[in-house]
Amino acid sequence: MIDLRQFCSSFGIDEAAARQTVDGEAEDAALAPPWYVQVVLGIGAWITGVAIVVFVGALLFLGFDYDEPDLGTAIIGALLFAAGLVLGRQRPPFGFMAQFYCALAAAGLSIAAASIGLEQRSLAAAAAAAAIGAFIVIAGSRDALLQFLASGLAAWLGIASALDGEVPYLIDILAVGLPIGASIYLHPPRRDLRPTATVLLLMMPALAIADDLWFLDDGLSDSWPARAIAMAALFGLIWLHGRRLPPSDRVIAIVALALLAVAVGLPLPPGATAALAIMMLAFVLGSLPLAITGTLIEIVFLWRFYYDLGATLLTKSLWLMGVGVVLLAAYALVLSSDRWRSRT
Amino acid sequence: MLTLRHINALRSAGLIPAARYLDAAAAVRDAAFWRQWSLRALLAFGVAHLLAGIVFFFAYNWADLSDIAKFAIVEGALVATVIAALLLGIDRLHGQVAMIGASVLTGVLLAVIGQVYQTGADAYQLFAAWTLLILPWTLASRSAAQWLLWLVVAGIALAFYGEQVLVPEGLLTEMEVAASVGLIGAAALISRELAVLAGQAWLGGRWTRLVLAFATLALLFWPAAAIVFDWDSRGIELICFVVAVGAGGSVYCRRLPDYAAATFVIGFAALFLIAVGLRLIDETVGFEWDEAVPMITSAGVTILWSVLVFGVAAKLMRSLRLGIEQVAP
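Residue numbers (my numbering), protein chains in the order written: chain A, 1 to 344; chain B, 1001 to 1329.
Hints listed in this document are in silico derivations from the structure and should not be mistaken for laboratory results.
It cannot be assumed that every hint is accurate.
[What the hints assert, rightly or not] Simulated restraints on C-beta separations:
{"#": "1", "chain 1": "A", "residue 1": "Thr312", "chain 2": "B", "residue 2": "Leu1308", "range": "58 to 64 Å"}
{"#": "2", "chain 1": "B", "residue 1": "Ala1027", "chain 2": "A", "residue 2": "Glu166", "range": "47 to 53 Å"}
{"#": "3", "chain 1": "B", "residue 1": "Asp1023", "chain 2": "A", "residue 2": "Gly140", "range": "29 to 35 Å"}
{"#": "4", "chain 1": "B", "residue 1": "Asp1230", "chain 2": "A", "residue 2": "Gly140", "range": "54 to 60 Å"}
{"#": "5", "chain 1": "A", "residue 1": "Gln20", "chain 2": "B", "residue 2": "Leu1087", "range": "23 to 29 Å"}
{"#": "6", "chain 1": "B", "residue 1": "Tyr1060", "chain 2": "A", "residue 2": "Val325", "range": "16 to 22 Å"}
{"#": "7", "chain 1": "B", "residue 1": "Ala1145", "chain 2": "A", "residue 2": "Ser122", "range": "27 to 33 Å"}
{"#": "8", "chain 1": "A", "residue 1": "Tyr307", "chain 2": "B", "residue 2": "Leu1133", "range": "30 to 36 Å"}
{"#": "9", "chain 1": "B", "residue 1": "Ser1250", "chain 2": "A", "residue 2": "Leu87", "range": "34 to 40 Å"}
{"#": "10", "chain 1": "B", "residue 1": "Leu1088", "chain 2": "A", "residue 2": "Ala16", "range": "52 to 58 Å"}
{"#": "11", "chain 1": "A", "residue 1": "Ala160", "chain 2": "B", "residue 2": "Asp1230", "range": "32 to 38 Å"}
[As the list claims (entries may be wrong)] Output of the computed footprint for chain A on chain B, the stretches with three or more beta carbons under 8 Å from beta carbons of chain A:
{"#": "12", "segment": "1010-1018"}
{"#": "13", "segment": "1120-1129"}
{"#": "14", "segment": "1258-1272"}
{"#": "15", "segment": "1277-1286"}
[Said to hold, decoys possible] Just a sample of chain B residues kept apart from chain A, beta carbon distances all over 10 Å, derived:
{"#": "16", "residue": "Tyr1021"}
{"#": "17", "residue": "Leu1135"}
{"#": "18", "residue": "Phe1310"}
Only a predicted model underlies this, so the values are computations on that prediction, with no experimental measurement involved.
Even for Gly, the Cβ is constructed at its ideal location relative to N, Cα and C.
Just chain A, same shape as in the assembly (with noise of 0.2 Å):
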């Protein structure tokens, strides 16, 4: 591992600007109460969240006898969105007031979103607004689990008035979110838009497992543009990080990691190549998180083939007895070689 003086030499970077950054960093980290206690604080905000659009409901349903939402609602929605921004703002991002003008905010954006929705009879109007929403999100907050919310009702929206519409190519076209998604994370902006990258990473392959357990339309789960579009991405992401290993490993590696990429991903549906890409894209990072997504993402999928209607059991049977021996080869292999290595 890398000290701060060895980092800042290599890569040319002011010491003394740096230190205040990684100190700054540490003193926010301390200050963070542990995940668990903010999963504890989150659920009591989010209740507290959902209390308060039952209230403002009742207040205006019933109070006022509003008889369904129009622009009028869009207003107090907007408002309750901008005062959970504006309060969340002066906060840092942790602890029970920060996650209750999360969940504010997120009501708020929710409501003005569904209100512009109803009142034009439009999900891509609803889409637009919670675009909008998403877009003052990520230019005025650094609230990560807000960005993440606000595209994702953007995303969930935009997909919802697609499929209303009967857009071609949806799964395709939402394959594209994979590369996308991916570039910003191994090229990112100052501002900080992983939350909404994880939203484009997650798309493709959220929609076809929300198709494989609901049937929303036909082709949403298997397609081979959007295979190729995963496969690509994958591919992309074992190169760059071939390309770090020295050049006696390097073909070796690569060739064996794509050779196990078509292995594991060509019989599974292509949501199940972009959660490979997403393990890709953590173990090149070196980011836990995306690995745990990833992760759960391919057993999902693992599971559902099962269901999978386009082969027979046996042939089923077979692709993955053959991908496991394959991978349990591999482990073999790699294992054998660090033993080979440690007494060489």
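The hints should help you fit chain B onto chain A, whose structure is shown.
Leaving out everything else, chain B in the frame of chain A:
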């Protein structure tokens, strides 16, 4: 020591250009950790694919196989995994994985016996037999994962026994059965703590405490919360949950300080208080959508109640943090 988090902060501060971000991330990447992670992922996915393929194969052929072939396949695999466990050593990771495989195959064998001979046995009998048959391996294995598997099988056996025998005979309610499954978790947690205090280091992994504490509280919480919304109960579930929260709070705040376990206790207690508050608001004011004043009042009081409960929980966790984290390992 620099981490990816620091690199992200340096990038946000504009000290690292976007084009060099990946190089910077690679410079701080813990290569040894990720090598180990990728090896484990290869092993886990390899085993998962192979086992899934075997399951699919039998699902395809199962009806066409003769009874003797079915037994030969499952028993052959069972014997092979037991031999593998013995050869690899049950104190080592690979041997323990083989032993877990043998334990799972024991359940499969019992299911095949039930299917071939149409024994008419209830599901609880299968799980009870499974629990007893794998107990010797569990006792011998010194593997926390094997114990966890055994606890899950034993819990399912008890749940089925309650559902199929105790509830129909009127001895327990469904919620009391659910609470009794939670008590198995509590017993396991107590045993774990005593065993660790007695020097059983193989159970000392913190995850064993946290998994058992979370599972116990979650299993006891649901029946207790359910009776809050439906008073038709003898109150045993409520007593179990309250005792578990009290004991857990006392142990993990004072005797064996553990901030994560204490947080679980506080979190479930707060959720329980929210449930109690909702019930009281419903009883006194009501959540009727066709009446303006009661509905608005109830929603408003709910907001205040949840802010109060979780605000106090936050204060409590903050005050515990310093003291516990200084003592905990």
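*Out of the numbered hints, which ones does the structure contradict?*
Hint check: 4, 5, 7, 13, 15, 16, 18 fail, others pass.
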